[in-house]
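Colleague: Here this note's numbering is used: the first residue of the sequence shown is 1, the next is one more, and so on.
Derived from the structure by calculation, the hints contain no laboratory data.
Warning: the hint list may mix true and false statements.
[Unchecked claim] Here are the simulated EDC-like pairs of lysine to aspartate or glutamate, each with C-alpha atoms no more than 20 Å apart in a straight line: (1) LYS3 <-> ASP40; (2) LYS3 <-> ASP26; (3) LYS3 <-> GLU27.
Just so it is clear, the structure is predicted and the values come from calculations on it, not from any experiment.
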Amino acid sequence: MIKQEDGQQVMIIQDLDSGMIFNAGDEVRVVYLQGSVRVDIAM
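Generate the whole structure from the sequences, applying the supplied hints.
Modeller: In structure tokens:
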């Protein structure tokens, strides 16, 4: 689950990307694209 800054929680399922390994507590960015959503590590 991803807890957003506004307190809302969302669950996103995406294909494995060996360059984007997440751990609990990581700050991530949720990118809303046309017809899909992507999660990556916040920079």
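Colleague: With the threshold set at 20 Å, check whether the alpha-carbon distance from LYS3 to ASP40 stays at or below it.
Modeller: Distance ~14 Å between LYS3 and ASP40 Cα, so the pair holds.
Colleague: Hint check: LYS3 vs ASP26, CA-CA at most 20 Å. Holds or violated?
Modeller: With a Cα-Cα distance of about 11 Å, the restraint between LYS3 and ASP26 holds, given a limit of 20 Å.
Colleague: Are the Cα positions of LYS3 and GLU27 separated by 20 Å at most?
Modeller: holds, 10 Å
Violated hints for the displayed structure: none, as all numbered hints are satisfied.
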